[in-house]
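Trainee: One-letter residues, chain by chain:
4 protein chains.
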Amino acid sequence: MEKPKLAEATKKYMLSFYHDNPFLQYLHINVTSIEYGRVRLDMDVQHEHTNVYGIVHGGVTMTMADTAMGAACLACNKQVVTLDCTLSFIRAIPEGLHAYAVGKVIHNGEHTMICEAEVYDERDMLCVKTQATFFVLKELC
Amino acid sequence: MEKPKLAEATKKYMLSFYHDNPFLQYLHINVTSIEYGRVRLDMDVQHEHTNVYGIVHGGVTMTMADTAMGAACLACNKQVVTLDCTLSFIRAIPEGLHAYAVGKVIHNGEHTMICEAEVYDERDMLCVKTQATFFVLKELC
Amino acid sequence: MEKPKLAEATKKYMLSFYHDNPFLQYLHINVTSIEYGRVRLDMDVQHEHTNVYGIVHGGVTMTMADTAMGAACLACNKQVVTLDCTLSFIRAIPEGLHAYAVGKVIHNGEHTMICEAEVYDERDMLCVKTQATFFVLKELC
Amino acid sequence: MEKPKLAEATKKYMLSFYHDNPFLQYLHINVTSIEYGRVRLDMDVQHEHTNVYGIVHGGVTMTMADTAMGAACLACNKQVVTLDCTLSFIRAIPEGLHAYAVGKVIHNGEHTMICEAEVYDERDMLCVKTQATFFVLKELC
Numbered sequence: 001m002e003k004p005k006l007a008e009a010t011k012k013y014m015l016s017f018y019h020d021n022p023f024l025q026y027l028h029i030n031v032t033s034i035e036y037g038r039v040r041l042d043m044d045v046q047h048e049h050t051n052v053y054g055i056v057h058g059g060v061t062m063t064m065a066d067t068a069m070g071a072a073c074l075a076c077n078k079q080v081v082t083l084d085c086t087l088s089f090i091r092a093i094p095e096g097l098h099a100y101a102v103g104k105v106i107h108n109g110e111h112t113m114i115c116e117a118e119v120y121d122e123r124d125m126l127c128v129k130t131q132a133t134f135f136v137l138k139e140l141c
Numbered sequence: 001m002e003k004p005k006l007a008e009a010t011k012k013y014m015l016s017f018y019h020d021n022p023f024l025q026y027l028h029i030n031v032t033s034i035e036y037g038r039v040r041l042d043m044d045v046q047h048e049h050t051n052v053y054g055i056v057h058g059g060v061t062m063t064m065a066d067t068a069m070g071a072a073c074l075a076c077n078k079q080v081v082t083l084d085c086t087l088s089f090i091r092a093i094p095e096g097l098h099a100y101a102v103g104k105v106i107h108n109g110e111h112t113m114i115c116e117a118e119v120y121d122e123r124d125m126l127c128v129k130t131q132a133t134f135f136v137l138k139e140l141c
Numbered sequence: 001m002e003k004p005k006l007a008e009a010t011k012k013y014m015l016s017f018y019h020d021n022p023f024l025q026y027l028h029i030n031v032t033s034i035e036y037g038r039v040r041l042d043m044d045v046q047h048e049h050t051n052v053y054g055i056v057h058g059g060v061t062m063t064m065a066d067t068a069m070g071a072a073c074l075a076c077n078k079q080v081v082t083l084d085c086t087l088s089f090i091r092a093i094p095e096g097l098h099a100y101a102v103g104k105v106i107h108n109g110e111h112t113m114i115c116e117a118e119v120y121d122e123r124d125m126l127c128v129k130t131q132a133t134f135f136v137l138k139e140l141c
Numbered sequence: 001m002e003k004p005k006l007a008e009a010t011k012k013y014m015l016s017f018y019h020d021n022p023f024l025q026y027l028h029i030n031v032t033s034i035e036y037g038r039v040r041l042d043m044d045v046q047h048e049h050t051n052v053y054g055i056v057h058g059g060v061t062m063t064m065a066d067t068a069m070g071a072a073c074l075a076c077n078k079q080v081v082t083l084d085c086t087l088s089f090i091r092a093i094p095e096g097l098h099a100y101a102v103g104k105v106i107h108n109g110e111h112t113m114i115c116e117a118e119v120y121d122e123r124d125m126l127c128v129k130t131q132a133t134f135f136v137l138k139e140l141c
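Chains as they are written, first to last, in our numbering: chain X, 1 to 141; chain A, 1 to 141; chain U, 1 to 141; chain D, 1 to 141.
Just so you know, the hints here were simulated from the structure itself, not pulled from any lab data. All of these numbers come straight from a predicted model, not from anything done at the bench. Some clues are possibly wrong.
It does not matter which identical chain is meant; a pair holds if it fits inside one copy or across any two.
[Stated by the list, open to error] Each computed DMTMM-like pair below joins lysine to aspartate or glutamate, with the alpha-carbon atoms no more than 20 Å apart: (1) Lys-11 / Glu-122; (2) Lys-3 / Asp-124; (3) Lys-11 / Glu-139; (4) Lys-138 / Glu-110; (5) Lys-138 / Glu-48; (6) Lys-104 / Glu-118; (7) Lys-3 / Glu-48; (8) Lys-104 / Glu-139; (9) Lys-104 / Asp-20.
Just chain X, with the same shape it has in the complex:
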């Protein structure tokens, strides 16, 4: 089955949508790739992202995963809110490393959508695995 193509206008809208997001800007998280139902975010782990052990705080990778999944829904032309999200923490990411998250839609329903996301470090080691349910507010035209 062929994957629908994402319109250039939607991509532009999404880039500005996330670029203008105060919390993502505050954490220096950037949207780096947008395809239909699949979005990637990138971030350098800086001092302000860490806990007292010098590794990234769980809240930062939660933010990356949740945002990547919500953005993947938007990249199916659906505006959504997170209903719930489950995260498994597998590996720590120390300060100074680069991290990225990939969110994917695995069920594109009329009322709800199911997504998964992975957060990796710069050596492509799986650090966080998540699964989440989103409520569809409206379809974007």
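Starting from the structure of chain X, add chains A, U and D where the hints point.
Mentor: This is chains A, U and D only, laid out in the frame that chain X set:
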């Protein structure tokens, strides 16, 4: 059954532990109450915590909930890491409001601990409900 | 705030609804208490409920928890389907013991509902803790 | 990276392990494929598996998913217990259809393992998606 009392030394250790946490400082999240197996955090929702809709970003309340639960484990004299965390998002918190999170230990096991947390807005409305499993690294003396 | 009372007709409807449920009958799980937004189920752990270790199979307590929560939604006059469910397993229940589950609505929304449930053994020890999101199909009159 | 091969003795042990499981036998769930870190289960949806709507009860697919994931851990020579499990319900499976579950290990740690599973109907439609954490009791020799 009487609840064990938390030593003053542990309380002091915990306050400095979380006060020195770079990510919590960056988000202006403060530990405001510590009892045995129960910790409260407080935060004012400022512009940098919000998404483009002017409400708190899910990653912020995730951070509050995860931290409150991990701290509740520490307040049982156990040093832990989060294994997994599930969050249900119930109500949005707009910029300018005050929010607080309460984390509680509901199973204090030798190898793992189970906690729950709630995040409320300043009108005491339930906004986020979470459940999480922690892996015990070591007992604090 | 006063809790709405559950109509006797709804209680009767619910009892027959769950009494006629083939899987619950097959597992000998009974609805034993119905209040507004709160339902209790009871079951004796028999040989067919166990795994090779002689303790109750996780799927049995999952069934009890999921059913208790869905029934608690029905006891708010809402017909629902489970969107997702998270379960933490705390303690094993050996063959021969009695077990019960209590499901409670913690957010009664228009489109979705959030519930939690606990499964206990006959000594009232907490064995399973769950949190789940339900999608509202329709309001019952 | 080459995947370790599963010893024939382990396969035989696992088949009898699950064949002798009272709850799986009671539900007519069979282990049909075992590879290193990956196990498939099959089941025909019969009347006793259903709820009052004539579709499979969530507890049945929960049982399939949880068992497939635990078996996938065993197929890495690790004996485990489920710590927690999150399930998203996507599509109903009506009585009379065939269903199968595939469980996979995605993190094979020393103390804990992370798995995911999918349950499909006979048309290979995704019906349930799960993620779970397991606690390692011991390595099998």
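Trainee: Each hint: holds or not?
Mentor: Hints, one by one, checked against the model:
1. Lys-11 / Glu-122: neither (25 Å within a copy, 37 Å between copies)
2. Lys-3 / Asp-124: Classified as between: cross-chain Cα gap 18 Å, same-chain 26 Å, threshold 20 Å.
3. Lys-11 / Glu-139: within (15 Å within a copy, 39 Å between copies)
4. Lys-138 / Glu-110: For Lys-138 and Glu-110, both the intra-copy (9 Å) and inter-copy (16 Å) Cα distances are at most 20 Å.
5. Lys-138 / Glu-48: neither (35 Å within a copy, 26 Å between copies)
6. Lys-104 / Glu-118: Both: 9 Å inside a chain and 15 Å across chains, each within 20 Å.
7. Lys-3 / Glu-48: Neither way: Lys-3 and Glu-48 sit 39 Å apart in one copy and 36 Å across, limit 20 Å.
8. Lys-104 / Glu-139: Intra 18 Å, inter 33 Å, cutoff 20 Å: intra-copy only.
9. Lys-104 / Asp-20: neither (22 Å within a copy, 35 Å between copies)
Comparing the model with each earlier hint shows violations of hints 1, 5, 7 and 9; every other hint is respected.
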